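For the sequence shown, the UniProt record's numbering gives the first residue as 1, with consecutive numbering after it.
Keep in mind the hints are simulated off the structure, nothing from the lab.
Keep in mind it's a predicted model, so treat the numbers as computed, not measured.
Each hint should be verified, as a subset may be incorrect.
[To be verified] Derived Cβ-Cβ restraints for the label pairs, each shown as a range:
1) Thr194 with Phe18: 46 to 54 Å
2) Ile107 with Arg308: 36 to 44 Å
3) Asp311 with Gly374: 41 to 49 Å
[Said to hold, decoys possible] List of simulated lysine-lysine pairs, DSS-like, C-alpha gap at most 25 Å:
4) Lys253 with Lys199
5) Lys390 with Lys289
6) Lys390 with Lys362
7) Lys491 with Lys473
All C-beta atoms in this analysis are idealised placements derived from N, C-alpha and C, irrespective of residue type, glycine included.
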Amino acid sequence: MLSHYLLIVLGAVSAALFVWRFTTVLVRYIRTVTCLHNDQQRYFARPSHNYSWFQKNILYAPIFSKRHNREFQISSALNVGTLPSRLQLLFLLAYLGTNVAFCVMTIDFSGPLGQVAALVRNRTGYLAVVNMIPLFLMAGRNNPLINLLGISFDTFNLLHRWFGRIVMLEAVAHTVAWLVSNASKNGWSAAFNTAITVKFLMWGFISTSAMIALCIQASSIFRHAYYETFKIAHIALAILAVLGLWFHLDLKKLPQLKYLYAVCALWIFDRAARFLRVGYRNIGAGGTKTLVEALPGGACRVTVTMARPWDFRPGQHAYLYMPSIGFWQSHPFTVAWSDEAEQLDGEKGLPMDRHDVLYQKKTSVSFIIRGRTGFTGALYSRAAANPDGKLVTRCLVEGPYRGSQRLHSYGTVMLFAGGVGVTQAVPHVRDLVAGYSNGTVATRKVIMVWVIQTPEHLEWIRPWMTEILAMEKRREVLRIMLFVSRPRSTKEIHSPSATVQMFPGRPNIDTLLGMEMENQVGTMAVSVCGPGALSDEVRRAVRNKQYNGAVDFVEEAFSW
Numbered sequence: 001m002l003s004h005y006l007l008i009v010l011g012a013v014s015a016a017l018f019v020w021r022f023t024t025v026l027v028r029y030i031r032t033v034t035c036l037h038n039d040q041q042r043y044f045a046r047p048s049h050n051y052s053w054f055q056k057n058i059l060y061a062p063i064f065s066k067r068h069n070r071e072f073q074i075s076s077a078l079n080v081g082t083l084p085s086r087l088q089l090l091f092l093l094a095y096l097g098t099n100v101a102f103c104v105m106t107i108d109f110s111g112p113l114g115q116v117a118a119l120v121r122n123r124t125g126y127l128a129v130v131n132m133i134p135l136f137l138m139a140g141r142n143n144p145l146i147n148l149l150g151i152s153f154d155t156f157n158l159l160h161r162w163f164g165r166i167v168m169l170e171a172v173a174h175t176v177a178w179l180v181s182n183a184s185k186n187g188w189s190a191a192f193n194t195a196i197t198v199k200f201l202m203w204g205f206i207s208t209s210a211m212i213a214l215c216i217q218a219s220s221i222f223r224h225a226y227y228e229t230f231k232i233a234h235i236a237l238a239i240l241a242v243l244g245l246w247f248h249l250d251l252k253k254l255p256q257l258k259y260l261y262a263v264c265a266l267w268i269f270d271r272a273a274r275f276l277r278v279g280y281r282n283i284g285a286g287g288t289k290t291l292v293e294a295l296p297g298g299a300c301r302v303t304v305t306m307a308r309p310w311d312f313r314p315g316q317h318a319y320l321y322m323p324s325i326g327f328w329q330s331h332p333f334t335v336a337w338s339d340e341a342e343q344l345d346g347e348k349g350l351p352m353d354r355h356d357v358l359y360q361k362k363t364s365v366s367f368i369i370r371g372r373t374g375f376t377g378a379l380y381s382r383a384a385a386n387p388d389g390k391l392v393t394r395c396l397v398e399g400p401y402r403g404s405q406r407l408h409s410y411g412t413v414m415l416f417a418g419g420v421g422v423t424q425a426v427p428h429v430r431d432l433v434a435g436y437s438n439g440t441v442a443t444r445k446v447i448m449v450w451v452i453q454t455p456e457h458l459e460w461i462r463p464w465m466t467e468i469l470a471m472e473k474r475r476e477v478l479r480i481m482l483f484v485s486r487p488r489s490t491k492e493i494h495s496p497s498a499t500v501q502m503f504p505g506r507p508n509i510d511t512l513l514g515m516e517m518e519n520q521v522g523t524m525a526v527s528v529c530g531p532g533a534l535s536d537e538v539r540r541a542v543r544n545k546q547y548n549g550a551v552d553f554v555e556e557a558f559s560w
């Protein structure tokens, strides 16, 4: 029954999150419709004292004062990861406490050691198997809860890591409890000998050992230093752990095997969905065609002409497979831009007839990838090695995966970006400017703040910004502020116009946010995508301004 209680707990949490998700979507819809023809939106600009307290102290709060997404780095190659938010920590502690309580409640610890150990063994083993269901669900790219609950893959990835540690601890407790129970009757030497000679026990020991190895190699230090190797080893160890557990349960026909069926079904579903996505998006109509352009600042622009149309939304991401760069690897990148393109046929490049034009219309999607180590470094080097800095290669795109929430219901939108984090901001800018021009959004003010190291990084998005700056009514709604943190000279810093301004140094987030809130229109959304230090600084500023006006915080991050 304890396993049923645990699943009920998870189901109750999911139901509560679904109600929260439905409520927020409904509120945003009502706000959008109400403000379509309201340029002041004063009602929605006023903060709610209780909700502001909740956002400041629970929803947006780090564990301590400021640090959340900034990594703890030992050196340039080694770091020990990031901290969860306060709300995430509360959930993890509550869930861990629930597991501990289910493992020990109603046990009389004053009884015989062997009997107590046997009870602990049964409960920890049962719960370890049950917890593998959410563990594998959260690891999947096609996790249905991402869209259903409105929770990002990044959050589920964090929960996956901590649920994995809980499963490992329960597996270790299960193994130790069995050893204690057996040793209390036959001695420790006989207990260890039995564990490695009896077949079903040996497979259980193998599974536990694989889980321990999984948690060690998945620690942030190894994960960041050897990511490509980590992924292969992680999958191999996970398969070994599941196989070992399968034989351990099947040889004794234990009832927990039914939960392992669900685990395997989730894994097969995710892999099959990924395979189908890749096949559908990249096969047919000549397949995908990819152009990689080396850009200043060690980045490259990857433009993929898809085999099939793509319904693009801001904030979407996709996984790229490039066999010539990394045969078995796939890496996630935010889609920075999308266009509809017609592939022409015939000797003079003219469409043959109307049907062919409609059939051959394709979607091109573009990514900005900063060359660092491993896959991204090799990609940039290959493109830069060509005389024209361009590389035509084969690329398979897996996606699109869920984009960030639409910002249509906010009267004021402030987008902070650092470095390649601008790939998250640019689609929102185009979407909101187009919506303002068409009268389909509540947005009346869009401010994009981009922090770059040198002016040459502007080349990353120059063709797209040229198109945005030429959009109808752009000057009425959009302002761009560029901050150059490492200019070679002050001559590089010049503002092209009153709505596109450039400044030396780093921005004062508190000051910028305060200035915009003085003339805030409607509810404000503050979004950030960039280095952890920038994200934490924007988060802190938003929390400090909670009682000054209605302001929501949206953080786009992908921690791995």
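Cross-check of the supplied hints:
1. Thr194 with Phe18: 46 to 54 Å: holds (47 Å)
2. Ile107 with Arg308: 36 to 44 Å: violated (58 Å)
3. Asp311 with Gly374: 41 to 49 Å: violated (31 Å)
4. Lys253 with Lys199: Between Lys253 and Lys199 the Cα gap is close to 13 Å, so the pair holds against 25 Å.
5. Lys390 with Lys289: Holds, at roughly 13 Å.
6. Lys390 with Lys362: holds (22 Å)
7. Lys491 with Lys473: With Cα atoms ~31 Å apart, Lys491 and Lys473 exceed 25 Å; violated.
In terms of the numbered hints stated before, the structure departs from hints 2, 3 and 7, listed from lowest to highest.
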